[in-house]
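S.K.: Chain residues, written in single-letter form:
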Amino acid sequence: MTLEQFSLAGKVAVVIGAANPLGRAAAVSLAEAGADVGVATTTRSQREEVAANSCANEIWALDRKGFAQAIDAADERDVDSLVERAISELGRLDILANALDLHFAKPALDISLAEWRRVIDANLTGVFLACRAAGREMLRRESGRVVNLSSVLAERGMANGSAYCAAQAGVLNLTRALALEWARSGVTVNAVGAGWIDAGGFLADENMKRQLERYLPYKRLAEPEEISGAVVYLASDAAAYLTGQVVWIEGGALSHV
Amino acid sequence: MTVLDKLRLNGRVAIVTGAGRGLGRAMAVALAEAGADIVATARTESQIEETAGLVRETGRRCLAVRCDVTDSESGKAMVDRAFGEFGRIDILVNNAGGATDGFGNSLEAITDEQWRVGIATNLTGAMYCSRAVIPHMLERGSGKIINVTSGFGLRAGRNNFIYTSAKAGLINFTRSLTMTYAPAIQANLIAPGLFPHGDPAIEEWWKHGMFVPMGRLGRDEELGPLCIFLASDLTSYMNGQVIVLDGGGLAGGELPTGFAPVVELPGA
Numbered sequence: 014m015t016l017e018q019f020s021l022a023g024k025v026a027v028v029i030g031a032a033n034p035l036g037r038a039a040a041v042s043l044a045e046a047g048a049d050v051g052v053a054t055t056t057r058s059q060r061e062e063v064a065a066n067s068c069a070n071e072i073w074a075l076d077r078k079g080f081a082q083a084i085d086a087a088d089e090r091d092v093d094s095l096v097e098r099a100i101s102e103l104g105r106l107d108i109l110a111n112a113l114d115l116h117f118a119k120p121a122l123d124i125s126l127a128e129w130r131r132v133i134d135a136n137l138t139g140v141f142l143a144c145r146a147a148g149r150e151m152l153r154r155e156s157g158r159v160v161n162l163s164s165v166l167a168e169r170g171m172a173n174g175s176a177y178c179a180a181q182a183g184v185l186n187l188t189r190a191l192a193l194e195w196a197r198s199g200v201t202v203n204a205v206g207a208g209w210i211d212a213g214g215f216l217a218d219e220n221m222k223r224q225l226e227r228y229l230p231y232k233r234l235a236e237p238e239e240i241s242g243a244v245v246y247l248a249s250d251a252a253a254y255l256t257g258q259v260v261w262i263e264g265g266a267l268s269h270v
Numbered sequence: 007m008t009v010l011d012k013l014r015l016n017g018r019v020a021i022v023t024g025a026g027r028g029l030g031r032a033m034a035v036a037l038a039e040a041g042a043d044i045v046a047t048a049r050t051e052s053q054i055e056e057t058a059g060l061v062r063e064t065g066r067r068c069l070a071v072r073c074d075v076t077d078s079e080s081g082k083a084m085v086d087r088a089f090g091e092f093g094r095i096d097i098l099v100n101n102a103g104g105a106t107d108g109f110g111n112s113l114e115a116i117t118d119e120q121w122r123v124g125i126a127t128n129l130t131g132a133m134y135c136s137r138a139v140i141p142h143m144l145e146r147g148s149g150k151i152i153n154v155t156s157g158f159g160l161r162a163g164r165n166n167f168i169y170t171s172a173k174a175g176l177i178n179f180t181r182s183l184t185m186t187y188a189p190a191i192q193a194n195l196i197a198p199g200l201f202p203h204g205d206p207a208i209e210e211w212w213k214h215g216m217f218v219p220m221g222r223l224g225r226d227e228e229l230g231p232l233c234i235f236l237a238s239d240l241t242s243y244m245n246g247q248v249i250v251l252d253g254g255g256l257a258g259g260e261l262p263t264g265f266a267p268v269v270e271l272p273g274a
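Sequences listed follow chains A and B, in order.
Quick note, in the numbering used here, the first sequence goes up one by one and the last residue is 270.
Quick note, in the numbering used here, the second sequence goes up one by one and the last residue is 274.
The hints are simulated quantities; they were obtained by calculation from the structure and are not laboratory data.
Incorrect hints may appear among the rest.
[Unchecked claim] Which stretches of chain A does chain B cover? Using the computed rule of at least three CB atoms under 8 Å from a CB of chain B, they are:
(1) 50-58
(2) 77-86
(3) 110-122
(4) 236-242
(5) 250-258
Virtual Cβ for every residue (Gly too), placed ideally from N, Cα, C.
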């Protein structure tokens, strides 16, 4: 039965970025599809920890197992220990979803090296570290699914967005390269290209939000739950032959001239 | 409603063109398994009757209609019959297409007629069917169009002029559907990689997929879940997109199945 291929019953997922609405929605959707889910922050901030705990509560409310862990996603020891915890507490690791999304906009001439490095670390390096940590276990078992969430700004430029655009585009090509490297090891690596959602950051500016809403074919931003279904599809047996691809859910934003 | 419930297509009606065999048959049966009633259409009556039998085994209704999508009148008549039978059309899968006479011809060797038939089969047919179905979808305020393109719609091939032009055209035709009919209608594409449809000669010709990153060819039934996903409410905000299902083929290109030699950083 084809629909059964979408079920994640018996699988274990780790989601990094539970304070990001996309990460939260991905974690809850994975749990709805039957997975046990450990969630993590991307920085050790109280705001993120509270959000991650609340996300874990939603997972428990669905009768799935899970945990919330505060990590700095750009710290390799933190990321390695997150993966170890998933395996020891939840028994295995089948799915990794990364939702790293630190917004930053400034004219290029005003960006300090420290700012550049922080944006690249928070949006891209953390994804690499998580893939490496999860990849060790997935390659050993010759089975696994990696889903990296990225942005329409990985595919289109934005003035003042040089650091963020470069980092998010990096996530897409990291995805393609890892997909090829692991294609014969039973591990698929894909990205979900997310449309604009109301998640603060760039869209904290009401003027920018209004402009975007006028421009988008849907005349509105996306709800995170409209995007997280793609994470479930890519994480499931239904997408066994799909690797190295970006599945965009962006309301036609990229069809525009 | 959980994320898995949103995949259900109960009460919906899907037209699948080119449903007599291969990917079209696999998608028709998968959509039926997800709950949709099916209109199976193709040129060969015996083949669509066989598909209809498989659909009915899932417990869904199936109308088998003979249709040549390259003929505007035939496409329109098929859609009219589908609407007359079911009273609604929720999903249109424009799958009919494939290599036509002159495929692989050098440019000088392509006849006007070969070009016309190839473009009609792989591009114009999808336009005719979309044009006939969209008014029904707009009337109800919702609809899903799934167009089947190819890796050759995104990348080129030596002496592959007719097919690549048509399949690339289909991608931008679909994006224009998005720009015109979003958000009521979602129009997306599937780009299958190498699917031999169980033909041993083709499997041999494609070396069993040894040059595909995943090391194997695609199986027709693997299109099924992707088709359900694109037809379902899980993708209500997805519009104008191509999903490539190819075992990693298009992710690379320079060293399709090879690994770069290890190169250390200078001074390390």
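S.K.: Confirm or reject the coverage of the stretch 77-86 of chain A by chain B under the rule of 3 or more residues with a beta carbon closer than 8 Å to the chain's beta carbons.
M.R.: violated (count 0)
S.K.: Just to make sure I understand the rule, a stretch counts as covered if three or more of its residues have a C-beta closer than 8 Å to a C-beta of the chain. Does the stretch 50-58 of chain A meet that for chain B?
M.R.: Not satisfied, violated; 0 residues make the cut.
S.K.: With a cut-off of 8 Å between beta carbons, are at least three residues of the stretch 236-242 of chain A near chain B?
M.R.: holds (count 5)
S.K.: Tell me if chain B covers the stretch 250-258 of chain A under the three-residue, 8 Å CB rule, please?
M.R.: With 8 residues close enough to chain B, the hint holds.
S.K.: Please verify the coverage claim for the stretch 110-122 of chain A: does it have three or more residues whose C-beta sits within 8 Å of some C-beta in chain B?
M.R.: Answer violated; 0 residues pass the 8 Å Cβ test.
Checked against the numbered hints given earlier, the structure breaks hints 1, 2 and 3 and satisfies all the rest.
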